[in-house]
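Asker: Residues per chain, in single letters:
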Amino acid sequence: MQFSTPISVNDIAQLISADVIGNTTAFATGINEIHKVNDGDICFVDHPKYYETCLNSAATVIIINTKNVTIPEGKTLLFVQEPFEAYLTLVQHFRPFIPQQSLINNTAEIGKDTVIMPNVFIGNHVKIGSNCIVYPNVFINDYTEIGNNCIIQAGTVIGSDAFYYNTKKTREVWYKKMKSCGNVIIHDDVEIGAGCTIDRGVTSSTIIGSGTKMDNMIHIGHDTIIGKNCLFAAQVGIAGATTIEDGVTLWGQVGVSKTLTIGKNAIVLAQSGVPASLEGGKIYFGTPTEEASIKKRELVWVKRIPELWKKVME
Amino acid sequence: MQFSTPISVNDIAQLISADVIGNTTAFATGINEIHKVNDGDICFVDHPKYYETCLNSAATVIIINTKNVTIPEGKTLLFVQEPFEAYLTLVQHFRPFIPQQSLINNTAEIGKDTVIMPNVFIGNHVKIGSNCIVYPNVFINDYTEIGNNCIIQAGTVIGSDAFYYNTKKTREVWYKKMKSCGNVIIHDDVEIGAGCTIDRGVTSSTIIGSGTKMDNMIHIGHDTIIGKNCLFAAQVGIAGATTIEDGVTLWGQVGVSKTLTIGKNAIVLAQSGVPASLEGGKIYFGTPTEEASIKKRELVWVKRIPELWKKVME
Amino acid sequence: MQFSTPISVNDIAQLISADVIGNTTAFATGINEIHKVNDGDICFVDHPKYYETCLNSAATVIIINTKNVTIPEGKTLLFVQEPFEAYLTLVQHFRPFIPQQSLINNTAEIGKDTVIMPNVFIGNHVKIGSNCIVYPNVFINDYTEIGNNCIIQAGTVIGSDAFYYNTKKTREVWYKKMKSCGNVIIHDDVEIGAGCTIDRGVTSSTIIGSGTKMDNMIHIGHDTIIGKNCLFAAQVGIAGATTIEDGVTLWGQVGVSKTLTIGKNAIVLAQSGVPASLEGGKIYFGTPTEEASIKKRELVWVKRIPELWKKVME
Chain H
1 MQFSTPISVN
11 DIAQLISADV
21 IGNTTAFATG
31 INEIHKVNDG
41 DICFVDHPKY
51 YETCLNSAAT
61 VIIINTKNVT
71 IPEGKTLLFV
81 QEPFEAYLTL
91 VQHFRPFIPQ
101 QSLINNTAEI
111 GKDTVIMPNV
121 FIGNHVKIGS
131 NCIVYPNVFI
141 NDYTEIGNNC
151 IIQAGTVIGS
161 DAFYYNTKKT
171 REVWYKKMKS
181 CGNVIIHDDV
191 EIGAGCTIDR
201 GVTSSTIIGS
211 GTKMDNMIHI
221 GHDTIIGKNC
231 LFAAQVGIAG
241 ATTIEDGVTL
251 WGQVGVSKTL
261 TIGKNAIVLA
271 QSGVPASLEG
281 GKIYFGTPTE
291 EASIKKRELV
301 WVKRIPELWK
311 KVME
Chain E
1 MQFSTPISVN
11 DIAQLISADV
21 IGNTTAFATG
31 INEIHKVNDG
41 DICFVDHPKY
51 YETCLNSAAT
61 VIIINTKNVT
71 IPEGKTLLFV
81 QEPFEAYLTL
91 VQHFRPFIPQ
101 QSLINNTAEI
111 GKDTVIMPNV
121 FIGNHVKIGS
131 NCIVYPNVFI
141 NDYTEIGNNC
151 IIQAGTVIGS
161 DAFYYNTKKT
171 REVWYKKMKS
181 CGNVIIHDDV
191 EIGAGCTIDR
201 GVTSSTIIGS
211 GTKMDNMIHI
221 GHDTIIGKNC
231 LFAAQVGIAG
241 ATTIEDGVTL
251 WGQVGVSKTL
261 TIGKNAIVLA
271 QSGVPASLEG
281 GKIYFGTPTE
291 EASIKKRELV
301 WVKRIPELWK
311 KVME
Chain F
1 MQFSTPISVN
11 DIAQLISADV
21 IGNTTAFATG
31 INEIHKVNDG
41 DICFVDHPKY
51 YETCLNSAAT
61 VIIINTKNVT
71 IPEGKTLLFV
81 QEPFEAYLTL
91 VQHFRPFIPQ
101 QSLINNTAEI
111 GKDTVIMPNV
121 FIGNHVKIGS
131 NCIVYPNVFI
141 NDYTEIGNNC
151 IIQAGTVIGS
161 DAFYYNTKKT
171 REVWYKKMKS
181 CGNVIIHDDV
191 EIGAGCTIDR
201 GVTSSTIIGS
211 GTKMDNMIHI
221 GHDTIIGKNC
231 LFAAQVGIAG
241 ATTIEDGVTL
251 WGQVGVSKTL
261 TIGKNAIVLA
271 QSGVPASLEG
281 GKIYFGTPTE
291 EASIKKRELV
301 WVKRIPELWK
311 KVME
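Residue numbers (my numbering), protein chains in the order written: chain H, 1 to 314; chain E, 1 to 314; chain F, 1 to 314.
Accuracy of the hints is not assured; some may be wrong.
Chain H is nowhere near these chain E residues, computed Cβ spacing over 10 Å in every case [what the hints assert, rightly or not]: (1) D19; (2) V91; (3) R171; (4) I207; (5) G211; (6) T259; (7) I294.
DSSO-like mimics (lysine-lysine), calculated; alpha carbons at most 27 Å apart, straight line [what the hints assert, rightly or not]: (8) F:K112 <-> E:K177; (9) H:K311 <-> F:K295; (10) F:K282 <-> F:K295; (11) F:K296 <-> H:K295; (12) E:K179 <-> F:K112; (13) F:K311 <-> E:K310; (14) H:K310 <-> E:K311; (15) H:K168 <-> H:K258; (16) E:K311 <-> H:K311; (17) E:K179 <-> H:K258; (18) F:K296 <-> H:K296; (19) E:K179 <-> H:K310; (20) H:K295 <-> E:K296; (21) F:K295 <-> E:K295; (22) E:K169 <-> F:K228; (23) F:K169 <-> F:K36; (24) E:K176 <-> F:K282; (25) H:K228 <-> F:K258; (26) H:K282 <-> H:K258; (27) H:K296 <-> F:K303; (28) H:K112 <-> H:K127; (29) H:K179 <-> E:K303; (30) F:K303 <-> H:K303; (31) F:K295 <-> E:K296; (32) H:K258 <-> H:K177; (33) F:K75 <-> E:K169.
Stretch-level coverage of chain H by chain F, calculated; a stretch enters the list once three of its residues show a Cβ under 8 Å from a Cβ in chain F [stated by the list, open to error]: (34) 113-125; (35) 140-151; (36) 230-238.
Bear in mind the hints are in silico, worked out from the structure with no lab data behind them. Quantities reported herein were computed from a predicted structural model and do not represent experimental measurements. From the three backbone atoms N, C-alpha and C, an ideal C-beta is built for every residue, glycine too.
Based on the sequences and whatever the hints tell you, model everything.
Answerer: Written out as structure tokens, the structure reads:
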């Protein structure tokens with residue numbers, strides 16, 4: 001999430017009651033979680049295991065619960081007892097949840113010849129290009145960006161919260177919600193079927209590349225990036241922070257795990273489960289997925305087990 | 001389903017044109033189906049195979065199509081030719097379907113600081129606690145109870161009818177709908193993703209325990225009881241009358257069959273199918289599920305079949 | 001799709017700037033794609049591989065990009081450079097997309113005692129019979145026909161566009177949408193759960209037979225024909241142009257591929273994947289499906305592989 005203007009680290013520190021250590025004159029330009037961090041970003045870390053990763057990331061400002069680390073040159077530490085709470089405070093401050101009571105927010109920009117049918121909810125700062133059709137009962141959350149010539153069929157949800165929790169497992173709380181302040185970006189010529197759900201990024205963007213076509217009831221997790229000209233059949237589910245490269249075909253009910261990559265032009269056959277990255281240009285099948293030709297051979301081997309028994313018993 | 005005040009068995013008998021046999025001065029306090037029956041309840045039975053189970057259940061009043069049974073002491077029989085039709089008559093009488101034309105019923109109770117966004121439907125006698133967010137296009141059916149600090153994302157349906165039919169397979173009718181008169185109860189700190197469907201109990205309650213977090217497009221069947229602090233990833237489906245104990249994790253696209261129990265803190269890996277009860281504290285995988293370590297070993301065995309063939313052929 | 005009155009081939013030719021060859025006095029009564037074509041229909045073909053099939057189909061009028069074929073007696077060719085574009089032009093002309101801004105179109109016919117709850121969208125020329133209940137947030141697209149005594153639960157989408165593209169894979173466009181102009185026909189006594197999506201036919205009809213009951217979150221593809229008294233559990237997905245005969249039971253999360261037939265009274269167990277036609281009257285399991293008894297035996301064989309190894313090693 002990017003700020004509309006850079007904010008001084010002292011102003012940030014005041015919002016979260018932090019001590020400023022290191023570069024006290026820096027400005028932050030946005031907030032991101034560690035997996036998506038850019039130069040100028042504020043990032044937070046609360047576990048010693050990740051201190052070094054966070055300090056050495058691209059982040060300019062680090063919210064941290066220790067003073068006992070070496071500060072990389074030019075960077076700023078904001079010391080607080082509870083970095084996670086500080087993150088939530090900043091999100092609430094810069095991207096507050098505003099309980100919108102109108103259907104179409106007056107900050108929304110909607111292009112020429114775009115048809116918005118009845119009962120569509122369009123949130124704060126949404127941009128929709130020209131020549132799109134948005135069918136009834138679609139929900140489009142704040143900061144979503146949709147290109148030109150897109151079709152969003154009925155009942156689809158764009159920009160639902162990331163399913164992303166900080167696991168505490170204390171007596172009072174097991175799962176603490178990592179508030180989402182990211183968005184969804186849909187490029188030109190994308191078609192999304194009925195009853196789909198596309199989560200927004202936690203702090204960054206979930207992206208659907210141009211020309212991609214999605215059938216009904218497809219779930220796309222937060223921060224997942226989908227290439228151009230992909231084809232997803234009905235009931236496909238893709239977890240968070242995964243990358244699907246250009247031209248990938250996923251047949252019906254395929255499930256894809258998180259933080260992996262499916263290479264260009266790969267094809268995954270129906271009902272397969274993808275637990276790890278797949279090379280492009282090949283056909284896959286099974287749970288867990290294998291190359292389809294291998295998996296099919298295995299199905300034959302299993303059928304021939306009785307024959308093998310017979311041979312052994314002879 | 002509980003009555004607001006106890007009803008005399010004679011009043012019940014009149015509604016369904018029944019003969020009252022046994023205790024003619026009893027009062028009934030509710031209606032339930034045989035799996036969920038409590039003291040004070042009316043229950044019905046129409047097949048000789050289940051006469052004894054029903055008579056010996058906790059039910060106080062039994063709607064039955066025979067007089068040729070021994071009545072347990074203190075109980076009341078209501079004799080009719082068609083007990084199932086009598087049940088439907090009582091449901092229609094005590095929980096009539098009212099074609100609500102407003103979005104938010106004026107009997108609904110909504111707590112402090114709870115945000116109801118546009119196009120949310122809230123039925124008759126719904127209670128929602130404080131500090132909740134209900135996103136657009138959510139449907140909340142009659143008698144649903146939601147605790148505090150809950151989030152229900154866009155397009156989710158709470159309290160859809162049970163998928164529960166009396167199989168007749170006559171020429172005129174194969175499946176006769178068992179009308180739902182139960183409800184859904186959601187405890188505190190529950191989050192439910194976008195596009196989920198949670199069926200209400202047939203006569204009793206579907207329950208989601210406190211702290212449980214559900215991703216998008218999850219289906220929960222009627223009368224299913226989910227414990228505290230469970231975590232369900234997207235596209236999980238759980239059939240009716242099942243029990244999921246506290247702290248259970250179900251990964252994406254897992255399917256769970258009906259009337260079984262998954263024990264405390266069990267983890268079921270993605271796309272697995274659970275056909276029968278699972279012990280708590282273990283990790284499961286596969287369709288049908290096995291302990292994940294065993295299932296993974298089997299996958300290796302299959303891969304080594306050609307090696308085995310080679311050995312046998314030598 | 002049928003025209004309201006027959007149209008002369010010359011009028012059709014004018015709309016798409018075609019040369020009329022063969023029978024110049026014929027009238028067309030509708031448009032259909034090659035899989036669904038009837039006498040009187042206009043059909044299009046743009047690939048030499050399919051010229052003969054199309055010319056010898058029941059179609060009366062063939063839009064084609066060659067003059068170098070033998071015209072079957074009495075038939076009419078409409079010669080254009082781009083038959084697919086001509087098809088799109090005709091669909092846009094005869095079934096234009098009209099951006100409806102009211103919830104219930106004034107051309108809709110709704111039967112006696114049918115309850116339409118709030119926020120239901122009903123399109124152009126929809127017919128709904130008597131004694132139905134349509135729950136909130138349901139979307140019913142143009143030309144849908146629903147019989148008597150049907151229940152459509154909340155959030156369901158009826159008549160979403162077919163997921164059907166002409167694959168081009170040029171630099172500019174990979175997938176070109178085959179515009180849908182067909183509809184959905186639902187017969188009497190059908191119940192459809194919450195959050196389902198039923199695609200309309202591309203040019204013909206998607207049909208749900210009488211007495212069929214569908215649970216929540218079920219996807220039915222375009223032009224699929226479902227028989228009477230079928231029972232589909234939650235999260236079932238059926239691809240396009242498939243035939244499910246009477247009395248078929250599909251348990252939870254079953255996936256069914258396109259253009260196949262599942263025979264009468266077949267039962268497919270949960271999470272199975274059906275890649276090809278299945279004979280009626282049997283029970284199936286697995287991905288790909290096999291008869292359940294065979295599949296279960298295979299699961300046992302796999303478990304006994306270590307025993308077999310042991311025997312071989314001895």
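Asker: Evaluate each hint against the coordinates.
Answerer: Here's how the hints hold up against the structure:
no.: 1; hint: D19; in the structure: holds, 50 Å
no.: 2; hint: V91; in the structure: holds, 29 Å
no.: 3; hint: R171; in the structure: holds, 34 Å
no.: 4; hint: I207; in the structure: holds, 18 Å
no.: 5; hint: G211; in the structure: violated, 5 Å
no.: 6; hint: T259; in the structure: holds, 25 Å
no.: 7; hint: I294; in the structure: holds, 15 Å
no.: 8; hint: F:K112 <-> E:K177; in the structure: holds, 21 Å
no.: 9; hint: H:K311 <-> F:K295; in the structure: holds, 22 Å
no.: 10; hint: F:K282 <-> F:K295; in the structure: holds, 13 Å
no.: 11; hint: F:K296 <-> H:K295; in the structure: holds, 19 Å
no.: 12; hint: E:K179 <-> F:K112; in the structure: holds, 21 Å
no.: 13; hint: F:K311 <-> E:K310; in the structure: holds, 14 Å
no.: 14; hint: H:K310 <-> E:K311; in the structure: holds, 14 Å
no.: 15; hint: H:K168 <-> H:K258; in the structure: holds, 21 Å
no.: 16; hint: E:K311 <-> H:K311; in the structure: holds, 11 Å
no.: 17; hint: E:K179 <-> H:K258; in the structure: violated, 41 Å
no.: 18; hint: F:K296 <-> H:K296; in the structure: holds, 18 Å
no.: 19; hint: E:K179 <-> H:K310; in the structure: violated, 55 Å
no.: 20; hint: H:K295 <-> E:K296; in the structure: holds, 15 Å
no.: 21; hint: F:K295 <-> E:K295; in the structure: holds, 16 Å
no.: 22; hint: E:K169 <-> F:K228; in the structure: holds, 11 Å
no.: 23; hint: F:K169 <-> F:K36; in the structure: holds, 26 Å
no.: 24; hint: E:K176 <-> F:K282; in the structure: holds, 24 Å
no.: 25; hint: H:K228 <-> F:K258; in the structure: holds, 25 Å
no.: 26; hint: H:K282 <-> H:K258; in the structure: holds, 20 Å
no.: 27; hint: H:K296 <-> F:K303; in the structure: holds, 19 Å
no.: 28; hint: H:K112 <-> H:K127; in the structure: holds, 12 Å
no.: 29; hint: H:K179 <-> E:K303; in the structure: violated, 44 Å
no.: 30; hint: F:K303 <-> H:K303; in the structure: holds, 13 Å
no.: 31; hint: F:K295 <-> E:K296; in the structure: holds, 19 Å
no.: 32; hint: H:K258 <-> H:K177; in the structure: holds, 18 Å
no.: 33; hint: F:K75 <-> E:K169; in the structure: violated, 48 Å
no.: 34; hint: 113-125; in the structure: holds (count 4)
no.: 35; hint: 140-151; in the structure: violated (count 1)
no.: 36; hint: 230-238; in the structure: holds (count 4)
Hint compliance for this structure: hints 5, 17, 19, 29, 33 and 35 are not met, and every other hint is.
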